[in-house]
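**Student:** The lines below spell out each chain.
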Amino acid sequence: MAKLALPRIGSILEQRQNRIEDNLGMAQNLKRESEADAKAYEAAIVEAREQARSSIQLAIKEMSEQSQRRQSELNDRLVAELKSAEERIGEAKKKAMSNISETAEDIVLDAAESLIGVAPSKDSIRSAVLNKLNERLEG
Amino acid sequence: MAESHNPLDQFVIQSWVPIKIGEFDASFTNSSAFMLLSVICATALMVLAVRPRAGVPGRWQLLAELSYQFIAKMVADNIGKEGRVYFPLIFSIFIFVLFGNLLGMIPYSFTFTSHIAVTLTMALLIFIMVTLIAFFKHGMKFFSFFLPEGVPIILAPLMIAIEVISYLTRPFSLSVRLFANMMAGHTLLKVIGGFVVPLGFFGFVPVAGLVAVMGLEFLIAFLQAYIFTILTCIYINDAIHLH
Chain A
1 MAKLALPRIG SILEQRQNRI EDNLGMAQNL KRESEADAKA YEAAIVEARE
51 QARSSIQLAI KEMSEQSQRR QSELNDRLVA ELKSAEERIG EAKKKAMSNI
101 SETAEDIVLD AAESLIGVAP SKDSIRSAVL NKLNERLEG
Chain B
1001 MAESHNPLDQ FVIQSWVPIK IGEFDASFTN SSAFMLLSVI CATALMVLAV
1051 RPRAGVPGRW QLLAELSYQF IAKMVADNIG KEGRVYFPLI FSIFIFVLFG
1101 NLLGMIPYSF TFTSHIAVTL TMALLIFIMV TLIAFFKHGM KFFSFFLPEG
1151 VPIILAPLMI AIEVISYLTR PFSLSVRLFA NMMAGHTLLK VIGGFVVPLG
1201 FFGFVPVAGL VAVMGLEFLI AFLQAYIFTI LTCIYINDAI HLH
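Read top to bottom, the protein sequences are chains A and B.
Anchor point for the first sequence: position 126 equals 126 in the numbering used here, and the numbering is continuous, going up by one each time.
Anchor point for the second sequence: position 226 equals 1226 in the numbering used here, and the numbering is continuous, going up by one each time.
Calculated from the structure, these hints are not laboratory results.
All values reported here derive from a predicted model rather than from experimental measurement.
All C-beta atoms, glycine included, are put in the ideal place defined by N, C-alpha and C.
Where hints are given, some of them may not hold.
To be verified - Below, computed lysine-lysine pairings styled on PhoX-like, alpha-carbon distance capped at 25 Å:
#, chain 1, residue 1, chain 2, residue 2
1, A, K95, A, K132
2, A, K94, A, K122
3, B, K1081, A, K3
4, B, K1141, B, K1081
5, A, K39, A, K93
6, B, K1073, A, K3
Claimed, not checked - Stretches of chain B that chain A covers, calculated by requiring three or more beta carbons in the stretch to come under 8 Å of a beta carbon on chain A:
#, region
7, 1085–1091
8, 1162–1169
Looking at chain B on its own, in the form it has when it is part of the complex:
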């Protein structure tokens, strides 16, 4: 019974459909299920909401259109015209992370973005993709990215080292930011929730705190999806324009 009150229990990966490929565990887990659910919800929103193709949009169509325009503007502002090619990818990342965060707000659900395995995989994929784009676009000139213009030659070794470290830590900062925020938020909710019943009459105090933190968590859910996406845009912009 004591284990069920552990704030970290909510992050336990449970194998729903065990699948083994040799030594590799490819089981369908609760994390996989919520990732799939996120994809289904996002696709349903974007496909079904715009099905009426109304000139004056309804609520759902407006939501889909606003999401589209929000990301389109983000791409245009941060990457420019050349960013249009990457718009579907960036939009998919945003909507996938956003739905992952929001689905995690449903009680007894699972927040797959609170797992470093998920966020780091996404961040590494973005990092590798961005590096490949930069190499394909600029060839060896890509390495000039690590030495900003106007830097005195005496500072070059130091600057190159700093820039290389900064570049290589990108996937980690990108993934840890999202994972840590989501994990900390959900843990905090669970911890505060754990105070409600033991406090008896005064349980309303942690309930009020829960309501406030819940509001904050919704904000963080949007904000982290936004930050993850805008950083992806900035990385792509760096790859295309090299500073």
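This is chain A alone, in the form it adopts within the complex:
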């Protein structure tokens, strides 16, 4: 019993105990590794979240600046176009006025001749019409 059976059973139990302890040790190491990986993963997620947040803030800032720049450019262009349009309107108005003045002078000359039979001078008619037009425009 002491030489044959018991040492054999003892060695089997010892081998099994060693195997169990090895496996437990391995499991412990794997657990530690997986915990380290989980921590690294968490850190990576936090870092990625921070990067995403800063990227979003940068993009918002750039878009805001771009929007302001475009708004400013649009304003400048509109002001310039308005100014040009006003100038064109002024010239058109001036041209229209001069046409109206000539027509009015002819009408006044014909009307004076018909009413009083005397044709006033062209200069007096022009100055009278111009004065009246200026009064209307100013009024």
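For chain A, the structure is supplied; the task is to place chain B on it using the hints.
**Tutor:** Just chain B now, with coordinates in the frame of chain A:
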């Protein structure tokens, strides 16, 4: 015919192979045969069951391993590290007594542990071995075992007498406990069994009793082997540590 119903017939030693050495009768008896069978069965269980050396044990290997661990724990709990030297002996005693008790449960077999000659021989061997261990380990200091510490000097003679008697009766209490339990159990089985046929229709009553006592006997077979072994451990522990 009447003799065959005697409940004590089952304990009769029968000489199977008569051997005489001078005046000494060394015959191979039914008791010897069952002792040999017990050794063969125990060895077969412990050797053949673990032969596969499986990492995940089968039924027989598990039985052998559980027996080993059971006794190893008993030795560690009762003797400590120093008990490892005695582990093979204690294990052999346990398995030998257990197989002796269990083989006796087979109908028409012989229970060698129901003989005081067998149990007393074992108990005396253990007693002598334990005493020798104590002497070799402690020398004359061994006698301090008979006077527990803290005993008033006036009580010393009485205590020494009690302790010496207690120590000297160990082999008898150890052997009588096992022998008496096994003998009483088997006699009871035979007596109850003797009621079955004479009671005719009502024979089922003693049969039910037989089943119950049979269960109890299996329990006692394990329990007595355990008690015999644990007392051996306690005696060895006393020899090593002196209280």
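**Student:** Taking the earlier hints as the rules, which of them does this structure contradict?
**Tutor:** 5, 8
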